[in-house]
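*Asks:* Going line by line, the protein sequences match chains A and B. Under the numbering used here, the first residue of the first sequence carries the number -16, and numbering increases by one thereafter. Under the numbering used here, the first residue of the second sequence carries the number -16, and numbering increases by one thereafter.
These aren't lab readings, by the way, just hints derived from the structure by calculation. If a hint is listed, it holds; no wrong ones were tucked in.
Straight-line alpha carbon distances no greater than 25 angstroms define the calculated DSS-like cross-link-like pairs of lysine-lysine that follow: (1) B:Lys(-14) with B:Lys328; (2) B:Lys84 with A:Lys199; (3) B:Lys23 with A:Lys293.
Protein chains: 2
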Amino acid sequence: MNKIYFTPGPSQLFYTVDEHIKQALKLQVPSISHRGQAFKNIYEHTVSQLRTLVSLPDNYQVLFTNSATEIWERIIQNCVREESYHLVNGAFSDKFHQTAKLMGKNASKVEAAEGSAVNIKDVSISPEVELIGLAHNETSTGVAQPLSDIYALRDKYPDPLIAVDVVSSIPYIDIDFEKVDMVYFSVQKCFGLPAGLGVWLVNDRAIAKARALASKGTNIAKYRQLIAMADEAARFQTTSTPNVLDIYLLGKVAEDMNAKGLDMIRRETDYKSAVLYHCIKEHPNLECFIKDTAYQSKTTVVAKTNGSPKKFIDPLNKLGLVIGAGYGKYKDEHIRIANFPTHSKEQIELLVDQLNKH
Amino acid sequence: MNKIYFTPGPSQLFYTVDEHIKQALKLQVPSISHRGQAFKNIYEHTVSQLRTLVSLPDNYQVLFTNSATEIWERIIQNCVREESYHLVNGAFSDKFHQTAKLMGKNASKVEAAEGSAVNIKDVSISPEVELIGLAHNETSTGVAQPLSDIYALRDKYPDPLIAVDVVSSIPYIDIDFEKVDMVYFSVQKCFGLPAGLGVWLVNDRAIAKARALASKGTNIAKYRQLIAMADEAARFQTTSTPNVLDIYLLGKVAEDMNAKGLDMIRRETDYKSAVLYHCIKEHPNLECFIKDTAYQSKTTVVAKTNGSPKKFIDPLNKLGLVIGAGYGKYKDEHIRIANFPTHSKEQIELLVDQLNKH
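Extracted from the complex, chain A is given alone in its bound form (with noise of 0.2 angstroms):
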């Protein structure tokens, strides 16, 4: 049976993927030189069609990991000699912060209440604080820290770089790419790709501090430094052999979605999100786990259970609809589902209305 997973990652392929990936194997994709001419050709597409999706600046660059996981130790390595604070709205905000405790920087954190987003009057940072890192959305608890509170982080604190995690809402997410200095996305999330590939987006003052970094012999360059991935990327080149294919599929994805209009998605997204939300207040069974409508993540909905998640995961997959179970402490409480690009409005009330008869 052919399933629709609503899972928040991996999730659906964005529904042009096949078909992008039954081209990539006739233009032989995956075997071409990722040093040769047609390579960059990729890369440089896949960076135009990003810019034009997210409206990213030119003083940012467009970098490529293997996962967003990678990336926490990336950022950290790079740009941070001694002190990192950190936002920790959920599991995957608290492992970045815990990457860095564990890398040996002195990595402070601010810790949101259950089921919130960090207040951000909670907030106290350092002089000697060199980077901020925050998720706007964390996967696990299905909370957004708004963008306001990040851009009065700036403003309070302009020193510090921002990194922002924008793995499970870029591109819904309406970033002001002036008031950060890195974003970072897998793109198993919202762009419905297969796993395998980060993406980091940098600007030029990470980059510098990089470079202050290194000049100081502070900076271990390592398989990723980010000086020599900013040197390759602006010839389209990476480091190491990329993953070449899902670069491609990137690429072709972020196409579609121009085509489409991001205005477009983001107001598909929205009515998706209200009539999840909605479904959920009204379930009987079911009561949202965010309970502030201001941090409640339109793309990704977790909702507490009643009883055992199992009762509604396991009939529905029954049905061909794939939903999460909650995310590490939470498995057997909450369940989780993915309210991205690729999941139409048809597919979405679909599963509202098995959600109802459970």
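For this one, chain A is given, so just place chain B on it according to the hints.
*Replies:* Below, chain B without anything else, positioned relative to chain A:
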């Protein structure tokens, strides 16, 4: 025009891969959760087929990274406190040595003469060395370090871990895993898969070393900490979202190779390499870069060209036969030809016919 890629990675896809990708799309492999049973089954199948194919002992684990380049960093990070030693016989083994140095290790090396493997008599390893790194098959130069040399190292220096780059020689290489501690490769070479997956075969001795370092606090746990990777792998899980599609495809191709029989693949490889080296030897405008036949790689054949390599590369490309240029500093001096399991005898004979015309 459908081309045949004889480039030494990315290369021609293994001849069953197109169909396996189409089947993966039908089965929605890229959409399944990497935390669910369906993924565990895929991981287990891939490990089982790979174990059978290369006769991997039980005390080895199969871990997934995103590339072999990444594995250099992981090895140093997890298994070396202070000292490593490197046999350098080309650009890739040199980069591994550089990686160790950049990571702050006391990394020494012995270098091969140009166009040769390391003379094992030149190796002198101090008792402080914790790890010996070498490339069995240097994709950059087409030199193969004889396995007997590796075993001799083990006999003479039983204490350091031995890490062998088999990026472009596995599964052709018939290595005795008891005489080394880890072996690593990327899937876009002999396995003929899309790039984006590294495979790290690690024995219990290497994992014990990582544990010992961790217990002393000298091993910094990061994004891919060996202990965590091994713990997850024991239940067919990964520390972060992996390239599920490539893991699936690797299992399928290993299964196909098992069905054909590795003996047959090895015999064909020997035959095809003999045809290639014979052509180069007899050719008025080509010459083997590696003179000593004992050091000539069977899977990556490198020739010096009389004049520009473009005299071969360009006209053959027009015929749909894509061969590689020299690597790095040899770009304008060499051609490189992959002789991987996907390349049939007929394809190699066709290539040789055309080489003979130029």
